[in-house]
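Undergrad: This is what each chain is made of:
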Amino acid sequence: MSHLTELAAIILFGIGFTLLLVDRNLIKKIIGFSMTDSGMYLYLAAKGYITGRKAPIVVNGVTEMEAYINPIPAGLVLTGIVVSVASSAVMLALTVRLYRRYGTLNIDEIADRAGRAGKEDA
Amino acid sequence: MQVLMILLLVLVIACALAVALTKNLLTAAVVFMTQSLALSVIWLILESPDLGITEAAVGAGVDSLLLFATLKKIRAIDASIRRKEEDGHGEAP
Amino acid sequence: MAKLRENLPSSRWGRFLRWLREGDDVLDRSMAEALEAPAPAPADALVPLPIPRRLTRTRQRNLTRMEKRLRALYVVTAVLICSGIIALLLVTTAGLPDFGDPDNPANNEVPRHYIEKGLEETGAVNIVAGMILDYRAFDTLGESNVLFVAVCAVIILLRLHSGDPRERLRDEADERSREPGHDIILQVVAALIIPLILLFGVYVILNGHLSPGGGFSGGAVMGAALILFQLAFGERHTARFFTFRTFRIVSVLALGFYASAKAYSFFTGANHLPSFITPGIPGKIFSAGLIPYLNIAVGMVVCCTMYALYSLFRKGDV
Numbered sequence: 001m002s003h004l005t006e007l008a009a010i011i012l013f014g015i016g017f018t019l020l021l022v023d024r025n026l027i028k029k030i031i032g033f034s035m036t037d038s039g040m041y042l043y044l045a046a047k048g049y050i051t052g053r054k055a056p057i058v059v060n061g062v063t064e065m066e067a068y069i070n071p072i073p074a075g076l077v078l079t080g081i082v083v084s085v086a087s088s089a090v091m092l093a094l095t096v097r098l099y100r101r102y103g104t105l106n107i108d109e110i111a112d113r114a115g116r117a118g119k120e121d122a
Numbered sequence: 001m002q003v004l005m006i007l008l009l010v011l012v013i014a015c016a017l018a019v020a021l022t023k024n025l026l027t028a029a030v031v032f033m034t035q036s037l038a039l040s041v042i043w044l045i046l047e048s049p050d051l052g053i054t055e056a057a058v059g060a061g062v063d064s065l066l067l068f069a070t071l072k073k074i075r076a077i078d079a080s081i082r083r084k085e086e087d088g089h090g091e092a093p
Numbered sequence: 001m002a003k004l005r006e007n008l009p010s011s012r013w014g015r016f017l018r019w020l021r022e023g024d025d026v027l028d029r030s031m032a033e034a035l036e037a038p039a040p041a042p043a044d045a046l047v048p049l050p051i052p053r054r055l056t057r058t059r060q061r062n063l064t065r066m067e068k069r070l071r072a073l074y075v076v077t078a079v080l081i082c083s084g085i086i087a088l089l090l091v092t093t094a095g096l097p098d099f100g101d102p103d104n105p106a107n108n109e110v111p112r113h114y115i116e117k118g119l120e121e122t123g124a125v126n127i128v129a130g131m132i133l134d135y136r137a138f139d140t141l142g143e144s145n146v147l148f149v150a151v152c153a154v155i156i157l158l159r160l161h162s163g164d165p166r167e168r169l170r171d172e173a174d175e176r177s178r179e180p181g182h183d184i185i186l187q188v189v190a191a192l193i194i195p196l197i198l199l200f201g202v203y204v205i206l207n208g209h210l211s212p213g214g215g216f217s218g219g220a221v222m223g224a225a226l227i228l229f230q231l232a233f234g235e236r237h238t239a240r241f242f243t244f245r246t247f248r249i250v251s252v253l254a255l256g257f258y259a260s261a262k263a264y265s266f267f268t269g270a271n272h273l274p275s276f277i278t279p280g281i282p283g284k285i286f287s288a289g290l291i292p293y294l295n296i297a298v299g300m301v302v303c304c305t306m307y308a309l310y311s312l313f314r315k316g317d318v
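Residue numbers (my numbering), protein chains in the order written: chain A, 1 to 122; chain B, 1 to 93; chain C, 1 to 318.
No lab work stands behind these hints, which were simulated from the structure alone.
In silico DSS-like pairs for lysine-lysine, Cα to Cα no more than 25 angstroms straight-line:
id : chain 1 : residue 1 : chain 2 : residue 2
1  : B       : Lys72     : B       : Lys23
2  : A       : Lys28     : C       : Lys315
3  : C       : Lys117    : C       : Lys262
4  : A       : Lys28     : B       : Lys72
5  : B       : Lys72     : B       : Lys84
6  : C       : Lys284    : A       : Lys54
7  : A       : Lys29     : B       : Lys72
8  : C       : Lys284    : C       : Lys262
9  : C       : Lys68     : A       : Lys28
10 : B       : Lys23     : A       : Lys29
11 : C       : Lys68     : A       : Lys29
12 : B       : Lys23     : A       : Lys28
13 : C       : Lys117    : C       : Lys284
14 : C       : Lys315    : B       : Lys72
15 : A       : Lys47     : C       : Lys117
16 : C       : Lys68     : B       : Lys23
17 : C       : Lys117    : A       : Lys54
18 : C       : Lys315    : B       : Lys84
Computed list of chain A residues with no C-beta within reach of chain B, every gap over 12 angstroms:
id : residue
19 : Val62
20 : Asp112
21 : Lys119
The model shown is predicted, which means the values in this text are computed figures rather than measured ones. For each residue, glycine too, the CB sits at the ideal point set by N, CA and C.
This is chain A alone, in the form it adopts within the complex (with noise of 0.2 angstroms):
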């Protein structure tokens, strides 16, 4: 049972996924999409881990690969991390904004009243 770390990512993934397809909030769907990115962050950090070494910061002058962990993936994910709270945030002001104009969070009365709006206007 080695792999308890991507079991665990891809359970997040897949709550945070359903979260997102399943919910008729606006936020909890936003929420959703900010765990299923954690979960994929994860997975990938398991993936650079190697059991007995160490962080990958140079300590008295030792730089054998031997030593220390993948640094790889630990990089990608530091630029995930960061681009993911960028996109959770326009999508939060996006939210606002739908929230003003349609008074609700509910995607089905706004996608209802954005329909009567439309047959109203036109």
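Add chains B and C to chain A, keeping to what the hints say.
TA: Just chains B and C now, with coordinates in the frame of chain A:
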């Protein structure tokens, strides 16, 4: 360390389930913040301290703060709409 | 929800279609028509806009039985599909190499080069920082760019000083709860703790190539300090040192410096110009070539971005 890792992973999944099943948005935001915190410690156990600091500052900090700010703004809009409904529709043409 | 545009005959696409059908003189005719059209009427006096009908709290109509059944079917299908995806991923993961195995295919010659030659080629003691700011500096430029574009998008969506003064009156009435309530505990604690947080943020940024941290984490910490300052002391005090102009200047200068320092290799080839900045002695702060300066640039961008995002949500202006 293995036991701590298992506990933290169980905490992360429990927080995810709690966010999925609650209806109160404020609860969801706070539990999401807790999940970020647990994830930050997991990064440290996986020997990536850069990710740990960044997740703690960004995930448990700014990301959750934006959620709270959005909720506050939505309630603010909600309160002002109700106020205008109460005293605006009485007089306006 | 696609509506036909009202000005289709006089828009560019409409004119192009007419030109296709009829020939050249239709363009001259439509230009003459556009020049003769009367100017639009001036705006009314400053009366706040009435709230549109659809914003009032209508009761949610009850779902019909058919819709309830469809909704349940949708939920069941979605859960089944997600469970299928999870099962597929689990089966795939079981076939992957073990967790933490040194013989993973991911540990090939690329990490070997980064770890073994990283210290002498980049001079950075933190191998990850040296990797993302020297070997793979272009990815970090893309990421700073994404942050910048995200703030631009949020400014477009949320910035309150629009051209229409009536809308501004209505929005200002909504945003009345901006000033703090003279919370004495918060102000005293914030006055004690904000310098420490800023100092810690500066430390993390400057030591990005020597210890864990770097531009992103340090920038986020400094942004959090600025957010606390605005929460405790209000926007009037914050506007003394951080306005929209400051944000613009700092962001553009930092991003411009980063781009000009690392993106000229489109023109000179994959190896940069021979650099006169030596890696220096590893372990000192001013070593590792350009990395401390790039860290500072990235830290500035991230700090301004985090504060600007929060401030746009809270009061509609940076």
